[in-house]
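Participant: Read off the chains here:
4 protein chains.
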Amino acid sequence: MLRLSRFLPSASRRGFDLKESLWSGSLTFQQAVSTSAGNLDENLSSKKFASYTVFKGKAALSIHPILPSFSKMESGGSRMNRNGSVMLTFFPAVGQRKYDYTKKQLFALSPTEVGSLISLGPAESCEFFHDPSMKSSPLNQPFCVSSHEGQVKKSLSITPLGSDSGYFVNITVLNNLQKTTDRLSVPITKAEFAVMRTALSFALPHIMGWDQVLTHHAAPLASSKPRVERPRLDSEWER
Amino acid sequence: MLRLSRFLPSASRRGFDLKESLWSGSLTFQQAVSTSAGNLDENLSSKKFASYTVFKGKAALSIHPILPSFSKMESGGSRMNRNGSVMLTFFPAVGQRKYDYTKKQLFALSPTEVGSLISLGPAESCEFFHDPSMKSSPLNQPFCVSSHEGQVKKSLSITPLGSDSGYFVNITVLNNLQKTTDRLSVPITKAEFAVMRTALSFALPHIMGWDQVLTHHAAPLASSKPRVERPRLDSEWER
Amino acid sequence: MLRLSRFLPSASRRGFDLKESLWSGSLTFQQAVSTSAGNLDENLSSKKFASYTVFKGKAALSIHPILPSFSKMESGGSRMNRNGSVMLTFFPAVGQRKYDYTKKQLFALSPTEVGSLISLGPAESCEFFHDPSMKSSPLNQPFCVSSHEGQVKKSLSITPLGSDSGYFVNITVLNNLQKTTDRLSVPITKAEFAVMRTALSFALPHIMGWDQVLTHHAAPLASSKPRVERPRLDSEWER
Amino acid sequence: MLRLSRFLPSASRRGFDLKESLWSGSLTFQQAVSTSAGNLDENLSSKKFASYTVFKGKAALSIHPILPSFSKMESGGSRMNRNGSVMLTFFPAVGQRKYDYTKKQLFALSPTEVGSLISLGPAESCEFFHDPSMKSSPLNQPFCVSSHEGQVKKSLSITPLGSDSGYFVNITVLNNLQKTTDRLSVPITKAEFAVMRTALSFALPHIMGWDQVLTHHAAPLASSKPRVERPRLDSEWER
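Chains as they are written, first to last, in the numbering used here: chain A, 1 to 239; chain B, 1 to 239; chain C, 1 to 239; chain D, 1 to 239.
Hint data in this document are derived by calculation from the structure and do not stem from the laboratory.
Predicted, not measured: the structure shown is a model, and the values here were computed from it.
The beta-carbon is built from N, C-alpha and C at its ideal position, and this holds for glycine as well.
Hints are supplied without guarantee of correctness; some may be wrong.
Claimed, not checked - For lysine-lysine, the following DSSO-like pairs were computed, each having C-alpha atoms within a straight-line distance of at most 30 Å:
(1) K153/D to K72/A
(2) K56/D to K72/A
(3) K72/C to K98/B
(4) K103/C to K103/D
(5) K98/B to K103/A
(6) K103/C to K98/B
(7) K72/D to K104/C
(8) K153/A to K153/D
(9) K153/A to K56/D
(10) K179/D to K72/D
(11) K153/D to K98/C
As the list claims (entries may be wrong) - A short list of chain B residues far from chain C (calculated; beta carbon distances all over 12 Å):
(12) K154
(13) S157
(14) N176
(15) R183
(16) H206
(17) W237
Chain A extracted, bound-state conformation (with noise of 0.2 Å):
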């Protein structure tokens, strides 16, 4: 049977509403986002943050996801020219439910990647590798050379704890500047990874932006009457 308490220090019910002085780090987890965020962009000022995150023994996971961003048109419409993306973070544990937020690991799943952590099976396992140098840009230049490349390589792996009991997503990451590999892992209830699924299956149409595509019906109503015959946008017989 499984038994699920509040009394024990997992504590992914909460939001973030976790106390300042648990945190060895001097600033918040939302301080760190707002604060980032505030310089970068002026749009974030009605920008919202919600992210699930799980506290463990040795470190904490949280997810949350990241919104397409759409680029206008000559015609006057909009295209996606990035896919969001769901963004994984680690922090370890320093001490008794304390967490160093400034020592966290970020990892950034594509669509097709949530795809694979979706569709996993109770015994399967998978594995991610990500290097800087593949990085999409703004500016359109998937295959430019980052001054980044061959310093930071970094791996996910999602294995099974066992009997269909959840599983341990584990991080690495190598610096080959700083000479250092950093390794964080958490174990992931089957409740935990219920969520996990549940909230980027609802997240992957958004990633890719099909949602804005699908909810966009702001276009006027073709009048009923009959009217001349013209060659039909989004017909597969037209070239």
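For chain A, the structure is supplied; the task is to place chains B, C and D on it using the hints.
Facilitator: Using the frame of chain A, we list chains B, C and D on its own:
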């Protein structure tokens, strides 16, 4: 063969359209919600309420979702400061088709508890324990000691009825001050559980605040002109 | 191997774009909806209609969702006072590709019946019984006796076609006054049932009113300043 | 163990952020969409476009959803007069990481075909046949004879790669006038298919128009005062 009949006393398909005379308490459910809400929050004037209720022989179970709350950040954006939840309300039968709403017992499911419930296999069971001393507070002090501590403890268990035919949902409330133990139990058919599973899966990203993050499309579009590159917000490569 | 072909008379992919000449009745489906609606409700001027219809040899089956209704409370908020439903409309074939819409039979699925249908296993069947004397009323008197009582009884059964290839959907309408029994049966392919299951799963939280509760984000944000503590609305610890 | 790597040429995670130099055609995909759209519909000024694309060795496959269209009824409401669809666009590779978008082949999935695809078991396959003479028309004449009849026939097949590792998606286009047969085939990993299944399941209620029916909450609320009973709209008991 599964048979559902509208002649049976299972009244789950009727929102709360029960005649007042069915209630032994002097308040209908709606009036109770409306009254208590009106006293506490002036913003309720535009709030909406909808529940799914199953009425059974010894007790009834009603579930409804509760929105998360966000607070303004200095940057002008906002962050979730309290998760939403799914509230289970149990109330005992006091006669044929009569239920005493004044003797109701409440149990609020956190996102992780919702995850546990929606991933429950046909032969699996789960159990959750709640203690008021662990309740999250509007002042962001999750570990504060409540004056109720130790007085009241609640547990919720969901156990299979057998032969893939549904579940028993049981609540036990121990009140040490009043030296009482209340138990209410409601059998849920497979069809009713399918409604709950679907509704809870729908509700989960909303009580986590993710729908508000992901459907917030008001941000102005990026221009398609090349621009000076600057550190990317939302990138896994910037810290 | 499953094969679907647009050459077959399965016209499910064409909303209601059937030529009027296909109908033996004098009204097209759209006109029928539009006319009956126009007489009853002045608010319909902005209503939208969309159905999913499968046309088969002996009969056609069309399904469309119906919104729940809310009523104002004294507090200014509103509560759901009648569940929505998913309406099934059957109409018999009266020739090749001709259907008589005036002989239609209706069956409205409640949320729990929708739950039963979407959780149906490949080899399972289900059956629902409706009696007009049990219909919910706009006056919130669910147990009132209708003048139709005993006159008309309806049942809907869904039974597997075998080999995981779909279902038969059958409606039987007994009219004691007219001493008639009408039966209509429509075979549904696995692909068509997948459309129905997905559409019904999408519709379910909407006909329960939960989407309106959960996507109502107009409430002003809480200020982040500490404030005097008061009993929490929505808490399981307050009664 | 499943492994996904960003070093591989699988570029599915990058919307359409491919350098123009990768394309042998003179138009990028976005420009093609923007131009053809601009000529046909003045309402496009607010339209949004987003696709999911997988680039493989011999060809690429891009999918994007297309909204249904509604027309005004005399009552003032509106009804769906053409289903939406999900468009598959195939284009062949003409070198390493070079694709010729001018040689694209289109295939528009109807709601039922989407239902077939999202219910496909790991070892199952499906096949769809399209003939332009059967295309739905903006004039609501589904059985009209197109001037293209018999000239072009298309088929799409989806077959398992084996060992639960994904599918082959194949398009064949027979052009009797030009005496040509074009075939394009794209292998889809299990993770990529999970993205498609999730995105198509999300899109399905939208291309059926159900989201517009179900999220249309503008109707004034019913007053809670008792009123004269009249025949219920949306009741299965009124005809």
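Participant: For every hint, state whether the structure bears it out.
Facilitator: Going down the list of hints, with the structure as the test:
As the CA atoms of K153/D and K72/A are separated by approximately 36 Å, the hinted pair breaks the 30 Å bound. Taken as a hint, the K56/D and K72/A pair is honoured in the structure, with Cα atoms around 28 Å apart against an allowance of 30 Å. Proposed proximity of K72/C and K98/B is supported: the alpha carbons are some 26 Å apart, at most 30 Å. For the hint pairing K103/C with K103/D, the CA-to-CA distance comes to about 50 Å; that exceeds 30 Å, so the pair is violated.
Of the pairs offered as hints, the one joining K98/B and K103/A is violated, with about 58 Å between alpha carbons and a cut-off of 30 Å exceeded. Taken as a hint, the K103/C and K98/B pair is broken in the structure, with Cα atoms around 41 Å apart against an allowance of 30 Å. Among the hinted pairs, K72/D with K104/C is consistent with the structure: their alpha-carbon atoms are about 24 Å apart, no more than 30 Å. Of the supplied pair hints, the one linking K153/A and K153/D is violated, its CA atoms being roughly 48 Å apart against a limit of 30 Å.
Between K153/A and K56/D, the direct Cα distance comes to roughly 24 Å. Compliance with the 30 Å bound is thereby established for this hinted pair. A distance of roughly 43 Å separates the Cα atoms of K179/D and K72/D; the hinted pair therefore is violated under the 30 Å criterion. Distance restraint check for K153/D and K98/C: the Cα-Cα separation of roughly 27 Å lies within the 30 Å cut-off, and the hinted pair is therefore satisfied. The beta carbon of K154/B sits about 7 Å from the closest Cβ of chain C, which is not more than 12 Å, so the claim that it is off the interface is violated.
Every beta carbon of chain C lies more than 12 Å from that of S157/B, the smallest distance being close to 16 Å; the non-interface claim holds. Listed as outside the interface, N176/B is consistent with that label: its C-beta sits roughly 14 Å from the nearest C-beta of chain C, beyond the 12 Å cut-off. The Cβ of R183/B lies farther than 12 Å from every Cβ of chain C, with a closest approach of about 16 Å, so its non-interface assignment holds. Residue placement check: H206/B does not keep its beta carbon more than 12 Å from all beta carbons of chain C (closest about 4 Å).
Against chain C, the non-interface label of W237/B holds: every CB pair exceeds 12 Å, the least being about 30 Å.
Hints 1, 4, 5, 6, 8, 10, 12, 16 from the earlier list are contradicted by this structure; the remaining hints agree with it.
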